Amino acid sequence: MSLLVKKVLGIGTAVIVVGVLIGLYVASWATSFPETVAASGSATTTGVSTRLTLQTVAAVGAKYSPAHPDWVSYLVQSHGKWIHSTDYKVPANSDVQITVLQYDGDSGLRNPFLSQVQGTVGATETIDGKTVNAINPEEASHTFAVPEMGILVPLPGVAEEAKDQCEFAPCTMAEAHRTITFTIHTHNKGRYHWQCFVPCAAGFLTGGGGPMQTLGYMDGYLEVV
Amino acid sequence: MSTTIESHSQPAPVRRPLLRRLVGFNLLTAVLLGVAGYYLGWFIGHQVSSGKSFKFISATDENDVALLLAYLFGVVGFLIGLGFANYPVSRLLGKHASLREKEDEGIGRYFGLCTDHKVVGMQYLVGIGLFFFIAGLNAMLIRTELLHSTPTTIAPNQYLSLVGMHGAMMMGVMTSGVLGPFANYFVPIMIGARRMAFPRIEALTFWLLMAAGFILTSTIFFGGFPTGWTGYEPLNDQAVMGMDSYIVFFALVGISMCLLGLNMIATIITMRAPGLTWSRLPIFVWSVLATSVLMVLAAPMLIATLAMAALDRTISTSFFMPGGGGSPYLFENLFWFFGHPEVYILALPGFGIVLELLPVFTRKPLWGYRLAVSGMLGVALLSFFVWQHHLFVSGINADLRPFYMLSTEIISIPTGFIFLCVMGTLWKARSSFTVPMLFCLGWTFNFLIGGLSGVFLSDTPSDTDTHGSFFVMAHFHYTIMGGLIFTFFAAIYYWVPKMTGLRFNERLAKAHFWLMFVAFNSTFMPLFVLGMKGMPRRVSSYAPNLHGLNVWVSISAFVLGFSMLIFLFNAVYSLIVVRLPAAANPWRSKSLEWQVPTPVPVNNFEQIPVIDSDPYDYGTPLGIGGTEPATAGA
Amino acid sequence: MAEPNHARRFTVLWVVASLIATPLVIVLLGPILPPGNGSQQASGHVTDNTVLLAMATPVLLLVVIYLIYAIIVFRQPKGGVLEGPAVRGNQRLQTWWIVVTSILVVSLAVYGTVRLEEDGAGSGGGPSPVVVPSGKKLKVQVIAQQWEFTYRFPEYGGVEVPHLELPVNQLVELHVTSLDVIHSFWAYQLGVKADANPNVDNVVYVKPTHEQTFEVRCAELCGIWHGAMFDHGHVVSQEAFNTWIAEQQTKYAAATKALPPYSKTYLPEPTRRAE
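Residue numbers (the numbering used here), protein chains in the order written: chain A, 1 to 225; chain B, 226 to 859; chain C, 860 to 1134.
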């Protein structure tokens, strides 16, 4: 009988250990979300209390993404440091000022309709100090779009002939970039996905694979809390 | 004594020292050569595709050429390591090579290339069981995610990969779910043969399938794939390298299927025992034959389609790209020309098992033998004429929709034959409700629901609502899980006592059945409602008003998963730990496989039997008689 | 011990059950079947689904009642080893079965075809549908892209909008196409589903019959945000629609200017992966 018990225990333990290891691996793979970065709150005279500073870069670099160093990606600023994440926490029922430092070149929109700003406060964006309601669809590099909130902001790319092009993230202010500012107004709490509508994933068919379909690069969540 | 060439006596296994056993053509060598082949392919791939850096393990930089070559070389290395090249090489060198390999190596023959069809059957049972378990685990993760109406547990791209892995693994590996273990093991015995027609190819189909399953699982290292099991273009072309895992996986499954079918057809046609005329062939063998014809005709279409997809992905051909003159419609057409026969490849063996088992447990001959055979062959034939019902709303050949509606509806006529035969066999029967019988009855109910829900999908106006929704999902789970998996378990409970000489604990087995049956219906019945309420397939976020029903489904799915654990526990406990001995013929079956000794000798039969009737010689002409119950009148 | 006449008992059971259940199914389940009466096509689907369900009910009952009957009545006594009757078939029953099922399924196919040819059944009919309902049609192009539907009104200056509004009681001709991968435009309450293929103009007709909010979903796996391709559309009065479309023309004037001329399909240069 004791042999039997040993057998049961032996087989049982082995199966459980192997099962748990595989389970842990698969679970950690499946549940890997980018870390959530809260927008920084600061009192300003304009009434905008929350700010989010992002940058887009043509190649995220091995420092931020050893797996995909040459993928196009967003980064977010948190406490003065650039973090590779696309999951942003913003307060509900308030204005959020978003600044995007655009270091990537243009790829052009497949659907030129998406070159017009939608859903921001005033339905405009400010590009390098100039307020506009649409851009040239050919110049689009990315869009910051939250379809469920009706928000779509086309982001123009850096000119190809510009000097000091940024190669890898994090890019510095000295390198060629466009600065885009816009304000969105959040309403209900919830978790809204945001994405890019420009076929910007170089090397993928219709520019729509890889970083365009991997959470943490050109896709993310806006967590309205 | 028979004088066939391959007849040989069974020598006592010789136990060689450990080191000697490790060197040679075995699983260890196979894995080593597989890994070596993988890196060789990776290396060459990076050399031939220009502009890519020379990085090895860490580089998940997209290089489809490298990954495809790596998989290809890896599989070839794996097969060489197992010893698949020995025979052709020996023959090329003019040496005499044995037709049969490693049939007398004790337990070791289960872990390598072995040409004994009974060993291959056991290998299939365990190997397929493993992948069935993994795919089931994926389903659990999918349902965990669907506990919430927005992705909170599992990231949406990982979710799609899980959906794809679950679907592809179930549709790919489980294609051989019945044919692999049970047809390989029992068809030769049932037809009175000593082996399969092509024993080496038989072993090859198993090892190809294992390599395929492993390759599909490896997709998670390459970013997964977003297309689900259908792999539609152009999404396929757009995806990251994980897509290549899917392509290689399904191509290998296709090769395995095609070879398996070919082998079965050759065996059944040429190797039947004297007197085993077509009208005496066990109905299970007929179902295997019908399935095999489908496999041989449909699988090459899949392989060709995937080859085209691989070319589109690697060297930028335009088979499926509208920009270059191709069309995604081509992929849909080619895929479903394989895909629809494929679902009947999954269903037909189930028909065979149910009709094979019912006579044993009802103590009646099979009712309507010829009707059953024509039903199976009819389904097999018609299954090639219905594929565009998957494309009713796609805009392709819209004028032809009435034809596909008709052909799809017509396929329910031969399917109806099977139901009539089941009902006829149950009529005035003396049924004993053993576990295999319960699973067969479970099949009858499940497949009925599956078939009736199929009517809604074959009707274009109705299909407009249900296409691409959870309704379809529920429908094919009723036909495949309720059809194939239920009969798969019926076959396990029925035949494992023959295969191992051991039996399952019946109480646990009955608990498994009841829990599985109830949880299965509780999981998939609400999915019809969810689909009708407008929930699309393969979504990780859905309308909040469908949340309650989804939670119900998820919990039922977990119970369903738990019922599988009961089975697993029962298998480990009864077959490995306690080793419950089985009676020689516990079901009092008259079929040939139960007349040979257990364990079945390497050559199956001392003497090839002469068959003088079909195996359903049950019952008495007047419906009375037999022996009275032992306890009667007490 | 006289054997009861099982055949008669079962037939009576089945006929009675069917006679009770089938009208109940039609009366109770029929009205709540999807997709409701949002459009002429949707109402057609409800009728269609009801007919199919009504025909499936007796078949379902036949097998289920038979199974229950057989399980209860045709049992092996406990511990018994009795044999059943050695009956191997019944030619007449088999013939009848084949004839009846054949008539049933062929009539279903004919019924489906008739329903389909009536008004296209809201299902994608390809670039040149056989069935073109008569009357004045409002042309709307549905442009699918990863991961949003946008809509273009060629009769209103080719304006493109992000949300769909349709006038009530107006026959609408939807032209569904895609800019990248395959999507499927599914307006649930309107009973419309049509795949959006790149380089294909998939035409589908729908006539909304009352003012309502309807759901728009994607029904073909199109990548990471497939499940989030979800929106609401509205069916409004003709006047409200006129006001709305005029507003849209003003609102999206900048974008409309940037658009290419209206075309049945758009084939933007495919960015090859060898870039």
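The hints are simulated quantities; they were obtained by calculation from the structure and are not laboratory data.
Computed from a predicted structure; not experimentally measured.
Glycine included, every Cβ here is placed at the ideal spot set by N, Cα and C.
Do not take every clue at face value.
Unchecked claim - Per label pair, the in silico range of CB-to-CB distance: (1) Ala123(A) <-> Val990(C): 40 to 46 Å; (2) Lys1123(C) <-> Glu160(A): 32 to 38 Å; (3) Glu160(A) <-> Met750(B): 41 to 47 Å; (4) Glu167(A) <-> Val990(C): 37 to 43 Å; (5) Val743(B) <-> Asn949(C): 50 to 56 Å; (6) Glu160(A) <-> Pro769(B): 41 to 47 Å; (7) Thr906(C) <-> Pro66(A): 22 to 28 Å; (8) Pro806(B) <-> Val959(C): 33 to 39 Å; (9) Gly550(B) <-> Lys81(A): 55 to 61 Å.
Claimed, not checked - Selected chain A positions facing chain B (Cβ under 7 Å, derived; list incomplete): (10) Ile16; (11) Val121; (12) Gly208; (13) Gly209.
Stated by the list, open to error - Partial list, computed: chain A residues near chain B (C-beta under 7 Å): (14) Ala30; (15) Thr31; (16) Thr126; (17) Ile127; (18) Phe204; (19) Leu205.
Cross-check of the supplied hints:
1. Ala123(A) <-> Val990(C): 40 to 46 Å: holds, 42 Å
2. Lys1123(C) <-> Glu160(A): 32 to 38 Å: The hint (32 to 38 Å, Cβ to Cβ) holds, given that Lys1123(C) and Glu160(A) are roughly 34 Å apart.
3. Glu160(A) <-> Met750(B): 41 to 47 Å: violated, 59 Å
4. Glu167(A) <-> Val990(C): 37 to 43 Å: violated, 58 Å
5. Val743(B) <-> Asn949(C): 50 to 56 Å: violated, 34 Å
6. Glu160(A) <-> Pro769(B): 41 to 47 Å: holds, 46 Å
7. Thr906(C) <-> Pro66(A): 22 to 28 Å: violated, 59 Å
8. Pro806(B) <-> Val959(C): 33 to 39 Å: violated, 49 Å
9. Gly550(B) <-> Lys81(A): 55 to 61 Å: violated, 50 Å
10. Ile16: Violated, because the Cβ-Cβ distance from Ile16(A) to chain B comes to roughly 12 Å (cut-off 7 Å).
11. Val121: violated, 25 Å
12. Gly208: holds, 5 Å
13. Gly209: Holds, because the Cβ-Cβ distance from Gly209(A) to chain B comes to roughly 4 Å (cut-off 7 Å).
14. Ala30: holds, 5 Å
15. Thr31: With Cβ-Cβ at 6 Å, under 7 Å, it holds.
16. Thr126: violated, 32 Å
17. Ile127: Nearest chain B Cβ about 30 Å off; hint violated.
18. Phe204: holds, 6 Å
19. Leu205: holds, 4 Å
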